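*Asks:* Based on the sequences and whatever the hints tell you, model everything.
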Amino acid sequence: MVAGAGRSGHLLGERRSPARALFLGKYSPLIYMVAAWELATATGFIPEMLLPRFSDVIVAWVRMMISGELLEHALSSLWREAAGFSSSVAFGITTGIAMARFRVLRDLFEPLLRLLFPLPKSALIPILIVWLGIGHLSKIAVIFLGCILPVIVSSFNGARGVDRHLIWSALIMGTGRRKLLWRVIIPGALPDILSGTRLALAVSFVLLVGSEMLAGNTGLGFLTYFLSEAGDLAGMFAAIFTLTLLGFLADRLYLRVMRRILIWQQEGQG
Amino acid sequence: MSEPRVKIRATGVSKTYISPSGESVLALDGVDLEVRENEFLSIVGPSGCGKSTFLYLVAGVLDISGGGIHKDETPIRGPGPDRGLVFQHFALFPWRTVIGNICYGLEEQGVSRPERAERARELIGRVGLKGFENVYPNQLSGGMKQRVALARTLAYDPEVLLMDEPFGALDAQTRLLMQEELLDLWSEKKKTVIFITHDVREAVYLSDRVAVMTARPGRIKKIVQTRPPGSAAGRDHVETQEFVEKVNEIWSLVRDEVVIS
Numbered sequence: 001m002v003a004g005a006g007r008s009g010h011l012l013g014e015r016r017s018p019a020r021a022l023f024l025g026k027y028s029p030l031i032y033m034v035a036a037w038e039l040a041t042a043t044g045f046i047p048e049m050l051l052p053r054f055s056d057v058i059v060a061w062v063r064m065m066i067s068g069e070l071l072e073h074a075l076s077s078l079w080r081e082a083a084g085f086s087s088s089v090a091f092g093i094t095t096g097i098a099m100a101r102f103r104v105l106r107d108l109f110e111p112l113l114r115l116l117f118p119l120p121k122s123a124l125i126p127i128l129i130v131w132l133g134i135g136h137l138s139k140i141a142v143i144f145l146g147c148i149l150p151v152i153v154s155s156f157n158g159a160r161g162v163d164r165h166l167i168w169s170a171l172i173m174g175t176g177r178r179k180l181l182w183r184v185i186i187p188g189a190l191p192d193i194l195s196g197t198r199l200a201l202a203v204s205f206v207l208l209v210g211s212e213m214l215a216g217n218t219g220l221g222f223l224t225y226f227l228s229e230a231g232d233l234a235g236m237f238a239a240i241f242t243l244t245l246l247g248f249l250a251d252r253l254y255l256r257v258m259r260r261i262l263i264w265q266q267e268g269q270g
Numbered sequence: 001m002s003e004p005r006v007k008i009r010a011t012g013v014s015k016t017y018i019s020p021s022g023e024s025v026l027a028l029d030g031v032d033l034e035v036r037e038n039e040f041l042s043i044v045g046p047s048g049c050g051k052s053t054f055l056y057l058v059a060g061v062l063d064i065s066g067g068g069i070h071k072d073e074t075p076i077r078g079p080g081p082d083r084g085l086v087f088q089h090f091a092l093f094p095w096r097t098v099i100g101n102i103c104y105g106l107e108e109q110g111v112s113r114p115e116r117a118e119r120a121r122e123l124i125g126r127v128g129l130k131g132f133e134n135v136y137p138n139q140l141s142g143g144m145k146q147r148v149a150l151a152r153t154l155a156y157d158p159e160v161l162l163m164d165e166p167f168g169a170l171d172a173q174t175r176l177l178m179q180e181e182l183l184d185l186w187s188e189k190k191k192t193v194i195f196i197t198h199d200v201r202e203a204v205y206l207s208d209r210v211a212v213m214t215a216r217p218g219r220i221k222k223i224v225q226t227r228p229p230g231s232a233a234g235r236d237h238v239e240t241q242e243f244v245e246k247v248n249e250i251w252s253l254v255r256d257e258v259v260i261s
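Each protein sequence line maps, in turn, to chains A and B.
Going by full-length UniProt numbering, the first sequence opens with residue 1, and the numbers climb by one from there.
Going by full-length UniProt numbering, the second sequence opens with residue 1, and the numbers climb by one from there.
Hints are not guaranteed to be accurate.
Label-pair ranges, simulated between beta-carbon atoms [stated by the list, open to error]:
no.: 1; chain 1: B; residue 1: Pro20; chain 2: A; residue 2: Ala82; range: 55 to 61 Å
no.: 2; chain 1: B; residue 1: Glu107; chain 2: A; residue 2: Leu245; range: 41 to 47 Å
no.: 3; chain 1: A; residue 1: Asp251; chain 2: B; residue 2: Glu107; range: 54 to 60 Å
no.: 4; chain 1: A; residue 1: Leu245; chain 2: B; residue 2: Leu177; range: 27 to 33 Å
no.: 5; chain 1: A; residue 1: Arg164; chain 2: B; residue 2: Thr240; range: 21 to 27 Å
no.: 6; chain 1: A; residue 1: Pro111; chain 2: B; residue 2: Glu107; range: 38 to 44 Å
no.: 7; chain 1: A; residue 1: Leu137; chain 2: B; residue 2: Pro20; range: 43 to 49 Å
no.: 8; chain 1: B; residue 1: Glu180; chain 2: A; residue 2: Arg164; range: 29 to 35 Å
no.: 9; chain 1: A; residue 1: Gly210; chain 2: B; residue 2: Gly168; range: 53 to 59 Å
no.: 10; chain 1: B; residue 1: Ser19; chain 2: A; residue 2: Leu75; range: 54 to 60 Å
no.: 11; chain 1: B; residue 1: Thr11; chain 2: A; residue 2: Arg164; range: 25 to 31 Å
no.: 12; chain 1: A; residue 1: Asp163; chain 2: B; residue 2: Leu26; range: 22 to 28 Å
Derived by calculation from the structure, the hints in this document are not laboratory data.
Given the structure is predicted, the values throughout are model-derived calculations rather than measurements.
All C-beta atoms in this analysis are idealised placements derived from N, C-alpha and C, irrespective of residue type, glycine included.
*Replies:* Right, dumping it as structure tokens:
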């Protein structure tokens with residue numbers, strides 16, 4: 001029959017514990033890969049010039065963590081990431097919804113968006129460095145511009161795709177044209193918006209690292225590139241690990257927030 | 001004997017819309033219809049005849065192309081809570097719980113929180129949703145969703161209830177149950193109902209009168225009195241000779257139009 005009221009209450013809890021129990025199981029293949037890596041490098045099967053020993057990478061990671069080097073670069077990257085991503089989300093959602101609501105804006109921006117959509121956003125890096133220098137600002141701008149398209153497009157589609165019957169219902173019940181935006185359009189568009197911003201989140205890390213490698217002297221991207229040039233492969237891998245970890249955590253956090261917001265999408269057995 | 005008051009009066013209503021391919025389509029062509037106060041009137045007709053379009057015009061969510069629709073002799077301009085609309089696919093706000101949906105109209109009308117809670121609780125009991133107050137629509141079956149939609153509409157107490165194939169998406173058993181409940185509600189709350197359906201038996205069972213529409217462009221072909229004035233609505237007269245005759249009469253009228261279209 002129908003899912004009872006009590007069900008929705010412990011859904012979250014229900015999901016959490018098996019997830020935790022599963023953690024080892026789900027990620028256990030990683031353990032075998034690490035073991036294979038260590039074995040192949042320790043026996044000299046893969047020369048250390050190409051791939052450092054896994055244990056050396058851990059040692060390098062701990063050393064760079066203690067010296068504060070890793071943290072300093074990580075904070076620099078995080079700041080750029082946060083500023084670029086959040087500004088592109090804020091601006092992108094507003095633009096996308098405004099375009100869905102106002103024909104003039106759609107006609108104005110659509111050709112530009114169509115043109116820019118296929119452009120690999122990393123191509124923007126050199127010009128932004130020329131304009132904005134090698135500091136934080138050029139990286140933030142790269143992320144902002146690179147992420148904004150998926151956010152605009154998903155917000156636009158989400159707002160356009162709101163079921164007209166929902167809009168009619170709201171109008172009948174006395175919602176004014178202005179309030180309609182907050183009461184119906186935005187909540188209705190949220191699932192689309194949130195999946196678009198998740199895509200943007202992934203893109204943002206690519207652009208962050210790319211732009212840091214090309215210019216400047218801070219950030220994990222810079223650190224990775226610098227250490228590889230310096231021949232410190234273990235250190236370079238430690239920097240890459242840190243980047244991977246940050247990207248992974250950002251995505252997990254995002255998913256968690258997204259599920260929280262979209263709790264109403266949970267389906268019962270109807 | 002005094003004539004019953006006319007609640008909704010449609011005169012020469014026409015509606016033209018632009019199809020996705022760019023041509024203009026005449027959906028309704030000169031619909032004349034009077035719906036009396038507290039009457040239950042159904043509209044049946046072949047698919048695509050414009051019966052839903054007509055309902056949306058009465059609701060004021062679509063613009064009329066020609067003619068006029070009056071409620072209490074005042075022209076209808078735009079949507080309003082005096083004419084509640086119930087859809088085939090429920091149109092519940094998926095991000096609001098059952099109680100959130102039911103209270104929506106009351107919130108927009110500026111009804112105070114305690115009064116909203118009071119009214120919602122009463123309706124939830126009335127339509128059998130007790131225990132589901134805080135569930136989201138996604139977790140409900142079709143029948144439950146339509147109960148929520150009905151409660152949401154009754155909450156702001158519209159004078160006219162416009163129903164667009166409200167039971168069309170439900171399974172046969174739920175459908176029968178909902179029909180009975182609707183009749184109960186209708187005789188209790190005394191509202192003017194315009195009910196769109198494909199199902200001739202449903203129309204005869206529920207209605208005082210049934211209007212048959214022609215194939216597109218839709219007009220009213222004939223209006224059949226299905227329940228003698230003053231007689232009580234209910235299951236009792238189903239399967240009587242008279243009931244079956246009415247169903248057959250209306251079905252043959254619809255059939256001719258289906259064949260044409």
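*Asks:* Which of the listed hints are not met by the structure?
*Replies:* 1, 3, 4 and 5
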